Structures are given as structure tokens and as C-alpha cells.
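Chains as they are written, first to last, in my numbering: chain A, -1 to 306; chain B, 208 to 482.
Bear in mind the hints are in silico, worked out from the structure with no lab data behind them.
Among the hints, a few may not be true.
[Claimed, not checked] Each computed BS3-like pair below joins lysine-lysine, with the alpha-carbon atoms no more than 30 Å apart:
1) B:K303 with A:K42
2) A:K164 with B:K439
3) B:K303 with B:K372
[Said to hold, decoys possible] A few chain B residues that don't get close to chain A, going by computed Cβ distances all over 12 Å:
4) D371
5) L374
6) A378
[Stated by the list, open to error] Partner residues are not named here, just some residues of chain A that face chain B (Cβ under 10 Å, in silico):
7) L30
8) V40
9) A112
10) G122
11) L123
12) L137
13) N154
14) S155
15) L250
Please read these numbers as outputs of a predicted model, since none were measured by experiment.
Where is the CB? At the ideal position from N, CA and C, for every residue including glycine.
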Amino acid sequence: MNTSSSTEKKIKSRLKGTGYFALAGIPAVWFLLFFLIPFIIVLKISFSEADFSIPPYTPLTQYAEHILNITLNFTNYLSLLSDNIYLYAFISSIKLALFSTVLCFLIGYPVAWAISCTRQSLHGLLIMLIMLPSWTSFLIRIYAWMNLLSVNGLLNSFLMKIGIIKEPLIILNTNYAVYIGIIYCYLPYMILPVYNSLRSIPHTLTEAAKDLGARPAKAFFKITLPLSKRGIFAGAFLVFIPVIGEVMIPQLLGGSQTLMIGNVLWQTFFNSNDWPMAAALAIMMLIILMVPIRLFNRMKATEELIRE
Amino acid sequence: MQQFFINLRRSYLILGFVFLYLPIIILIGYSFNASRMVNVWTGFSTRWYAELFNNRELLNAVWMSVRIAFSTATVAVILGCITSYVLIRYRSFRGKAFFSSMVTAPLVMPDVILGVSLLLMFVFLNQATGWPETRGSLTVWLAHVTFCTSYSAVIISSRLQEMDKTLEDAAMDLGAGPLKTFIFITMPLMFSALAAAWLLSFTLSLDDVVIASFVTGPGATTLPIAILSSIKQGVSPQINALATLIILGVSAITLVAWFFVRRSNLNSTHKGITQ
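Only chain A is shown next, with the shape it has when bound in the complex:
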């Protein structure tokens, strides 16, 4: 009696275990199929050659006369290293992403700080208003700046009307427009984590510093800024990583001198129809992003975003 019920229990728990694992299996299989395996295929295709066939690349393996031939083609990676266009695109993407991260920090930090200093009851509303534009369409926000920045756009006509400039400024289709677009689109992703880390600093600390004679500026640089480091790093990664792969902003706001690797990949794929080269570019981008992504995951920065 006793033993039979214990075996029954065991079987039940065993069944429950399989049930649980079947449940876990659904998302696991989904992500294997639609996230992990695709990367292996990208890696594979990056070693083949563009071809006028459907799909437009040569097969890696050929089975001829009972011999399996595997042809690994390193041309794509060689041209990544030797062709100045690609090298330049990588360097200039990293440069653009770094500068815009710093600019987002310089503009976003004061705003986040100002929000964290308002009445507690206002915080939720203000943060919601900061995030609201980013929930509307990304393309439309870029489009808004195309309206403003063009040669006969509103910014130029406004500046000429009040007499600051006589000739219209050429901003659209230059790197200036790209910077403006990136900062505009990614600023909320800097403000939110910085605000979250500022909010968690106890007021007593800064007040203690002031009571002990520190001037407000000193209290800020000695207490507030170091304690919000986590938020700053989270925000920096949240800006830097997607900007490296940004396609739409350089495509719509940038000009001929704007070279960003995401956009180069897009053009290689859609305009030159060179799928293997695009695959190689994706692999290279992934390698470059590996370090920031690892750091980002290690600090569990996503938690910084949703600690609402």
C-alpha cells in the first residue's frame, strides 16, 4: 500500500517533470529554429560566392563522382579586410556610435536628473512622456527631421527670417543630420536607465554631504554621479549597440559621405544582390558587437530598463 502510493507519487512527479520540460521545449525550439540556426546559416553562406542563380550564391558542398567537395571561399572576408570601403564603414560606424553615445549622455543625463528631482507624483507621467515618442513610429520620427532640415525646410526658413543666416544651411544628407537623428531617436533609451539609477539613490546621502559642508556641485560629482554609474553604462550600451547596426537614419538623413556598416550591409544585400558578402558583413558586425553585448548582459542592464 505504502510502496504503491510512493511509486505512484514518483511516476506522477516524473510525468510532471516531462510536462514541465515539454513546456520549456516550446520556446527553446522556437529560438533554436528562428534565432540560433539562422546564424549558422549566415556563417555558412558567408563562405560562398555570389552567383546568378536562385538563391544568388554558390553551394558550399558538391557531390560529384562519389566525392563530397567542400569549397570554403574566403574572398568575402579578404575583401572585408582589403576593400577600403568596408574598413572605412566599420571605423566610421564605431566613431559615429561613440560620439552619439557621448552626446546622448550629455543631453540625457541632465534631463534624467531634473526628472528625478521633481515631485514623486510627477515621475511616472514625465517618464511616460519621455518614452511616448519612441512608441510611435521610428520612421515617422526620422521623417519629421527630413521636413525640418531640408534646404528649404522650416529650420532654414526660420533662421533666415530672424536673420541669423543669409544662405540656407545644408544639413540634410550630411553627418550632422545623422547625429541629430540618432540623438533624437535614442535619447529616451539613455534617459530611462539613468533616471532609474538616480531614483534609487537615497536622498539622505546627498543631504549628508551637504550637511558636512560639500557644495552642491561637489556633492553631485562625489555622490550622485558615481552612484548612477550603472544607469549610465546601461544607457550607453542601449545607445551604442543599436546605433552600430543602424540602417534607416543614415539612409534617410545621411549623404554620400555617411558610411555606416548597417546601411552598407543593406545596400550590399538589396542593391548589389550580393548575399554572401552581406552575410560576411553581418558576421563581422556580430564579432565587433560581441564585447559590448557580453558586458551588457553581464551587468544585467535590461533590469535597469524595466525597474518601473
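Here the structure of chain A is known, so what remains is to put chain B in place on it, guided by the hints.
Relative to the frame of chain A, chain B by itself:
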């Protein structure tokens, strides 16, 4: 000195909000401009809205995007729920860390990489198995569910983590099975997280242009793809009108959701105080 800091903060706030909202407000304003030229104001008119509602191609794109976004959000929340349950409530199993990093990786992956890899995978699958036969709304949906599940999982697991597990344990002790416990105890407790995940997935799917451009096929033009091809030709007042409708729609939904969440938070703090 104190006054100086208060003024400084106030001006930062005002400047920040002006920067974020002025371009959008100007865009909305010029959607009511009678002239085709976007920089000259010639008078108030709603003609661009009328033209928009006669633009069949654009309306079809809107309908396609809404359908994809709706089914994406629904499936992504279900998958996200399962994922969070596995991540937070399961005892650790072999490969849990790997599972966790695989599920959250799409969050930090640039769209071009996701788009190119999914397209190559669909082409490969098609060659190997004949499925999917063509690329179109199905492949866009599969791609969207993948990255929206990651977002849903992050939102839902943070709620699940802070939730009191004793309530679930109590239900189980009183004889409710795991499924019953989940439906009657866990789900109601994390309703706001589920709603937030659904809304975020919906807007992300509705907004995606890069991934959809890669994985879509002939005949399946989503709204962002239609907008992109239109604004590549330059500024057009019809797009201003469409943008205005999108912005107002999203803002209205967000405000309503925000008020609901706030009210439920206020209610729960109130209850806490009276208890």
C-alpha cells in the same frame, strides 16, 4: 543658490521636452496645410486626410500590418509567459543559462543582423523542405514573434520575480493543479505585465521596417515598408496625415494604459495603507 538649481532643472526639463516634441508637433501641424509644399503654410485643410482614405495601397498596408501585429503580440505574450515561467519558477536545469541568454539575445541584436539571418534561414528551409513556399506575411509574423517574445519575456519575468510565490503555493496545497493555479492565481496577479507585454509587442511589430524588408516577399507590403518607399521619394503631406493618425492613436492607447496601471497601483497602495 537654491533658486538657481531649481531654475536650471526646470530649463533642462523644458528643453528636453521641446526637443522631443517640437518636430512631432510641427509634423502634425503641417498635415493640415492646404499646400503641397511642406514649408509654406497656405491655409487649413483636411484634403490630405481625404486623399489618405482613398489611397487603397496604403490602407491595405495598414490592414496587413495590424493583422500581423495583432497575431504577433498574442503569440509573443503566450511564448513570453512560458519562457518567464521556465526562467523564474523552474528549478535550475542543465542548459538554463544557455536558454536564458538565447531568449534575451535578440533584445540587443541589431535589426539588420536579425533580418539577414532570418531571410537566409527561410531560403534554406525552403530549399531543404519546400516550406515556407513563399515569403510574405507568414515569414514576417515568424520573425516578429521571435523578437517580440524576448521583450515579453523580460517584462513578464520581472513581474513574476517580484510576485509573492506563497499565493501559488497555497493554491497548490489546497489541491489546485499547476494549470488551474496558473490561470486563477498567477495570471490575474500579473495582468498588468501581460497587458504591457502585449502592447509593446504590438507597437514593435507595427513599427518594424528593417526585419520586415528582409523577410517579406512580393505582395506583402507592411505599413512601414510602404511609408519607407514613399518618404524615399521625399516629403509628402499625405504621409504627414498618416503620421498624425499613428501618433495620435499610439498616444491615446498609451495614455489610457498608463492611467489604468496608475490607478491599480494607487488602489493597491491604498489597500496596503488601510490594512
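Against the structure, the hints:
1. B:K303 with A:K42: holds, 27 Å
2. A:K164 with B:K439: holds, 29 Å
3. B:K303 with B:K372: The given pair, whose Cα atoms are some 20 Å apart, holds under the 30 Å limit.
4. D371: About 18 Å separates D371 (chain B) from the closest Cβ of chain A, which puts it past 12 Å; holds.
5. L374: holds, 20 Å
6. A378: Non-interface label stands for A378 (chain B): nearest chain A Cβ at 16 Å, farther than 12 Å.
7. L30: holds, 8 Å
8. V40: holds, 5 Å
9. A112: Cβ of A112 (chain A) sits 4 Å from chain B, so the hint holds.
10. G122: With a minimum Cβ separation of about 6 Å from chain B (threshold 10 Å), the hint on G122 (chain A) holds.
11. L123: Status holds, d = 8 Å.
12. L137: holds, 5 Å
13. N154: This hint holds: N154 (chain A) lies near chain B, its Cβ roughly 8 Å from the closest one there, short of 10 Å.
14. S155: Since the shortest Cβ distance to chain B is 6 Å, the answer is holds.
15. L250: At 7 Å from the nearest chain B Cβ, L250 (chain A) passes the 10 Å test, so the hint holds.
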